[in-house]
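Using the sequences and the hints given, assemble the complete structure.
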Amino acid sequence: MLSHIALLPVLLPLIGAPACAILRRPVFAWGFASSVAALAFLSAAILLKLTFEHGVIHYSLGGWAAPWGIEYRVDLLNALVLLLVSGIATTVLVASRTSVWHDIAENRRGLFYVACLLCLAGMLGIAATGDAFNLFVFLEISSLSTYALVACGRDRRALLAAFNYLVMGTIGATFILIGIGFVYMLTGTLNMTDLAQRLPGLGESRTVFAAYAFIVVGVCLKLALFPLHLWLPGAYTHAPAIVTAFLAATSTKVALYVLIRFSFSVFHLESSRLALSLEAVFITLGIVAVFAGSLVAIFADNLKRGLAWSSIAQVGYMTIGIGIGTAAGLQASLIHLFNHALMKGTLFLALAAIAIQVGGNEFSKLRGIGRRMPWSCAAFTVAGISLIGIPGTAGFVSKWYLVTAALAGEQWFLVLLIVAGSLLTAVYIWRFVEIAWLDSAPEKATGGDGEAPSVLLAATLMLALANIYFGFDTRLQVSASGGAAAALLGEAAQ
Amino acid sequence: MELLVNIVLLILLVATAGALVVVRGLLASTMLTSVYGLLCASFFVTMDAVDVAFTEAAVGAGVSPLLLLLTVAAIGRGEPRPVGALPVLAIVLVPVTAALLIIGTLDMPPFGSPDAPAHTHVAPRYLQLSGEEIGIPNVVTSVLASYRAFDTLGEVLVIFTAGVAVLLILATPGQRGSARPRYVPDNHRDPHTILQIVSRILIPFILLFALYVQFHGEYGPGGGFQAGVIFASAIILYGLLYGLPTVCRVVRPAVVEWLSAVGVLIFGITGVFAMLSGRPFLDYSVFADDPVTAQHIGILVVELGVGITVASVITVIYYAFANQFETAES
Amino acid sequence: MDVLSYFNYWAVVVLMMLGFFIVIARANLVKKLIGLNIFQTSVFILYISAGKVIGGSAPILSDDVTLYSNPLPHVLILTAIVVGIATTSVGLALVIRIHAAYGSVNQNDILKQDQQC
Numbered sequence: 001m002l003s004h005i006a007l008l009p010v011l012l013p014l015i016g017a018p019a020c021a022i023l024r025r026p027v028f029a030w031g032f033a034s035s036v037a038a039l040a041f042l043s044a045a046i047l048l049k050l051t052f053e054h055g056v057i058h059y060s061l062g063g064w065a066a067p068w069g070i071e072y073r074v075d076l077l078n079a080l081v082l083l084l085v086s087g088i089a090t091t092v093l094v095a096s097r098t099s100v101w102h103d104i105a106e107n108r109r110g111l112f113y114v115a116c117l118l119c120l121a122g123m124l125g126i127a128a129t130g131d132a133f134n135l136f137v138f139l140e141i142s143s144l145s146t147y148a149l150v151a152c153g154r155d156r157r158a159l160l161a162a163f164n165y166l167v168m169g170t171i172g173a174t175f176i177l178i179g180i181g182f183v184y185m186l187t188g189t190l191n192m193t194d195l196a197q198r199l200p201g202l203g204e205s206r207t208v209f210a211a212y213a214f215i216v217v218g219v220c221l222k223l224a225l226f227p228l229h230l231w232l233p234g235a236y237t238h239a240p241a242i243v244t245a246f247l248a249a250t251s252t253k254v255a256l257y258v259l260i261r262f263s264f265s266v267f268h269l270e271s272s273r274l275a276l277s278l279e280a281v282f283i284t285l286g287i288v289a290v291f292a293g294s295l296v297a298i299f300a301d302n303l304k305r306g307l308a309w310s311s312i313a314q315v316g317y318m319t320i321g322i323g324i325g326t327a328a329g330l331q332a333s334l335i336h337l338f339n340h341a342l343m344k345g346t347l348f349l350a351l352a353a354i355a356i357q358v359g360g361n362e363f364s365k366l367r368g369i370g371r372r373m374p375w376s377c378a379a380f381t382v383a384g385i386s387l388i389g390i391p392g393t394a395g396f397v398s399k400w401y402l403v404t405a406a407l408a409g410e411q412w413f414l415v416l417l418i419v420a421g422s423l424l425t426a427v428y429i430w431r432f433v434e435i436a437w438l439d440s441a442p443e444k445a446t447g448g449d450g451e452a453p454s455v456l457l458a459a460t461l462m463l464a465l466a467n468i469y470f471g472f473d474t475r476l477q478v479s480a481s482g483g484a485a486a487a488l489l490g491e492a493a494q
Numbered sequence: 001m002e003l004l005v006n007i008v009l010l011i012l013l014v015a016t017a018g019a020l021v022v023v024r025g026l027l028a029s030t031m032l033t034s035v036y037g038l039l040c041a042s043f044f045v046t047m048d049a050v051d052v053a054f055t056e057a058a059v060g061a062g063v064s065p066l067l068l069l070l071t072v073a074a075i076g077r078g079e080p081r082p083v084g085a086l087p088v089l090a091i092v093l094v095p096v097t098a099a100l101l102i103i104g105t106l107d108m109p110p111f112g113s114p115d116a117p118a119h120t121h122v123a124p125r126y127l128q129l130s131g132e133e134i135g136i137p138n139v140v141t142s143v144l145a146s147y148r149a150f151d152t153l154g155e156v157l158v159i160f161t162a163g164v165a166v167l168l169i170l171a172t173p174g175q176r177g178s179a180r181p182r183y184v185p186d187n188h189r190d191p192h193t194i195l196q197i198v199s200r201i202l203i204p205f206i207l208l209f210a211l212y213v214q215f216h217g218e219y220g221p222g223g224g225f226q227a228g229v230i231f232a233s234a235i236i237l238y239g240l241l242y243g244l245p246t247v248c249r250v251v252r253p254a255v256v257e258w259l260s261a262v263g264v265l266i267f268g269i270t271g272v273f274a275m276l277s278g279r280p281f282l283d284y285s286v287f288a289d290d291p292v293t294a295q296h297i298g299i300l301v302v303e304l305g306v307g308i309t310v311a312s313v314i315t316v317i318y319y320a321f322a323n324q325f326e327t328a329e330s
Numbered sequence: 001m002d003v004l005s006y007f008n009y010w011a012v013v014v015l016m017m018l019g020f021f022i023v024i025a026r027a028n029l030v031k032k033l034i035g036l037n038i039f040q041t042s043v044f045i046l047y048i049s050a051g052k053v054i055g056g057s058a059p060i061l062s063d064d065v066t067l068y069s070n071p072l073p074h075v076l077i078l079t080a081i082v083v084g085i086a087t088t089s090v091g092l093a094l095v096i097r098i099h100a101a102y103g104s105v106n107q108n109d110i111l112k113q114d115q116q117c
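Residue numbers (the UniProt record's numbering), protein chains in the order written: chain W, 1 to 494; chain P, 1 to 330; chain V, 1 to 117.
Just so you know, these hints were derived from the structure itself, not from any lab. Hints may be right or wrong, so weigh each one.
To give an idea of the interface, some chain P residues facing chain W are shown, with a C-beta separation under 7 Å as derived from the structure [unchecked claim]:
(1) L100
(2) M108
(3) Y147
(4) R148
(5) V158
(6) V264
(7) L265
(8) G268
(9) L282
Computed Cβ-Cβ distance ranges for the label pairs, DEER-style [what the hints assert, rightly or not]:
(10) W:P227 <-> P:L237: 39 to 49 Å
(11) P:I103 <-> V:S57: 26 to 36 Å
(12) P:A19 <-> W:R154: 35 to 45 Å
(13) P:P95 <-> W:L230: 43 to 53 Å
(14) V:N108 <-> P:H192: 36 to 46 Å
(15) W:P227 <-> V:T66: 32 to 42 Å
(16) P:H216 <-> W:F28: 37 to 47 Å
(17) P:G18 <-> V:V65: 30 to 40 Å
All C-beta atoms, glycine included, are put in the ideal place defined by N, C-alpha and C.
Printed below as a string of structure tokens:
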């Protein structure tokens, strides 16, 4: 089976989803979906190990060689994203049971897990494929299932949020389709490697420029890069707690991967004449996103909404890394992609636990929650500290590499802004700490009290510990992202 | 002449789209959408894209207006509203996008030129070698079901996802699955006697045609997707004329939901078969010693999976929508 | 002939913009989906136009034909049509639920109701 390892992370949830639909009992669906995700995670781990050892792994689907057939081409970057997405999915799905039973009506639970597997298959398919059109198809699989996942809870406001997400997501996907169509018309191929070889020969074509512009705008809609973020706060705030944890830690990461893949491997952003102005655009939008997102997060009266805005800010850091334009900047961006998934996964899982106990995430309901749910709140605090970027956590590693990359480019102003952004993060994390730990609990506690259900709590704590672990042992994310960044820029130099 | 038809059709399309901007009633908009789909399908015929035209006729002029109608029936037509504030956002965004698109068209190869890169790089192999490698005349089917079969598996998964998503969104409290009509059809509604008799004669022929399209896709336009839509349309026609409870007794919702997953599994397991023999996923060469026969078998099975999933998902979606309508009515 | 050789692409641009306008400017959710549908379909026309070879015929192999149109865009658009109908059906399902929850399918009304509570 080792020769099929490049396909396995995608194939398992892809076949697992219809198989899961045949299971009638929701409990079975939960167990089945979790095991499928775990197997996908396992194969992604083996895949990453193999790419470290042997370099790029090719897999021709249907036995037809590229560019006539569809090819999976997995390098360090693909493998890292595959590992991250499948890992988060496994954790969230295993932890999901109590929260899903709490948030979602009985007759929806079985299908809920089918949709989760479809969403996972879609995201992993995007991260593994080497074919531009195949990427579009899997993008739609993940998008369609996401819309349903956002809308399937009990909060009616989620419906309009899902609808808006559907409209904007479809516009984004159609933009990507236009871009792919343009490059196909110019080169006659859909294979990314083949495109990368043929596009430079076209010189400064206006159609290539338009194609890149459409793809970037389309992907940035999915990425929720300011000002294309409008769908995100509503969708994250009103979706069922587990769905938010799953999406916040994975879907924007996959979108960022697509942005990087198209910018550096297909279009060679750094060698084109437009590079300078585009880099300025990414840095500017990134900075605006960091400040706008953090400021709204500070004033939000619902913690879940605050964290949704914080995600918009964090995407800003990642695009700043891309905008710096050097291998170091790109590496910082990828490290933050990895670490941010750990942070937001922990934060939203902790929120899911809290929501089960107190019935919501409004700050008014969280007073003194730290004493009633010490472990969940401790996990939240640890991930919050990581989000700020305090030494000893994964978040510090992200900020360190980002600041170093900015310093190497002598962009002093940027360093200042990154540090200022961290201070803003500290403000809204502090707000939680103050309310949860320092305020006394209300006289009559609403809802049940006590800790979160054990499985959910264990998963949350595990992710929180991962935030600390990857703050000390940085080998995995640093070496993988370093190799990936070098390959992205090296490929282009050829 | 060909060019003239092309231009006329495009102008008609623009006119229909323009009408859709102006018209405010939902029923009128639905009808215009159907017209738009039909015009699109005709346009695709003039562009030699017969398979696409077939699909667009079934989807754009058939399924999509049908779903719109069911929705309008469930939510009510609504009254046309007075024009609100000036849509500033639209007035800014639309021209910017248009400008970008026009910039994009400037360096494009001219329309219809045989020397365009799209016609000289990957595609020629399909036209020149698919006859020997796959051995079926319809090149679109060869590419769809063999060269790019993984995309098609993705496509089947998309339609399966749509079914799952619709069920997940529309599941009514305490009811599992797409539809469980709780009451027998009442008599106060007009029984449509003539239509019922005509359709009773028509439905067997529709089903037969669906099977023809399913198995003839290798030789002419058609294939699993189109056949699936036609098959579902026969069920829907029956449902529209005899009521949801009757059609649900004949074609049980639970069975259809089950079949929608089975179709995807047929496709997927066909691919896994190759892996077990050490070949890449979806490599059909394991099915027979003769490569062309092997391709034939592979394509036949895979198209069957597509047909089953498409037919059942469209039926499921119809059930879920019609169920909402009937619940709203009662 | 120069204008004619780009006529298809410019018609696509017009269609796309009409669809895009409906999506953004109309508050009725069903109308938005119809606009989205036009928007997507215009891209299908772009692809299929790009696949046309003047003088070619449909890509079904036959002994008396020498020039065929390009089959690859046809395959891609078959997939894209399926994606389109899938999106439409999910969108309409959401509309039905929104109507059941709010009694309206007008975006402005719904936002107003959410602000009140």
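Hint-by-hint comparison with the structure:
{"no.": "1", "hint": "L100", "result": "6 Å, holds"}
{"no.": "2", "hint": "M108", "result": "5 Å, holds"}
{"no.": "3", "hint": "Y147", "result": "5 Å, holds"}
{"no.": "4", "hint": "R148", "result": "6 Å, holds"}
{"no.": "5", "hint": "V158", "result": "5 Å, holds"}
{"no.": "6", "hint": "V264", "result": "4 Å, holds"}
{"no.": "7", "hint": "L265", "result": "5 Å, holds"}
{"no.": "8", "hint": "G268", "result": "4 Å, holds"}
{"no.": "9", "hint": "L282", "result": "4 Å, holds"}
{"no.": "10", "hint": "W:P227 <-> P:L237: 39 to 49 Å", "result": "47 Å, holds"}
{"no.": "11", "hint": "P:I103 <-> V:S57: 26 to 36 Å", "result": "33 Å, holds"}
{"no.": "12", "hint": "P:A19 <-> W:R154: 35 to 45 Å", "result": "40 Å, holds"}
{"no.": "13", "hint": "P:P95 <-> W:L230: 43 to 53 Å", "result": "20 Å, violated"}
{"no.": "14", "hint": "V:N108 <-> P:H192: 36 to 46 Å", "result": "39 Å, holds"}
{"no.": "15", "hint": "W:P227 <-> V:T66: 32 to 42 Å", "result": "52 Å, violated"}
{"no.": "16", "hint": "P:H216 <-> W:F28: 37 to 47 Å", "result": "40 Å, holds"}
{"no.": "17", "hint": "P:G18 <-> V:V65: 30 to 40 Å", "result": "37 Å, holds"}
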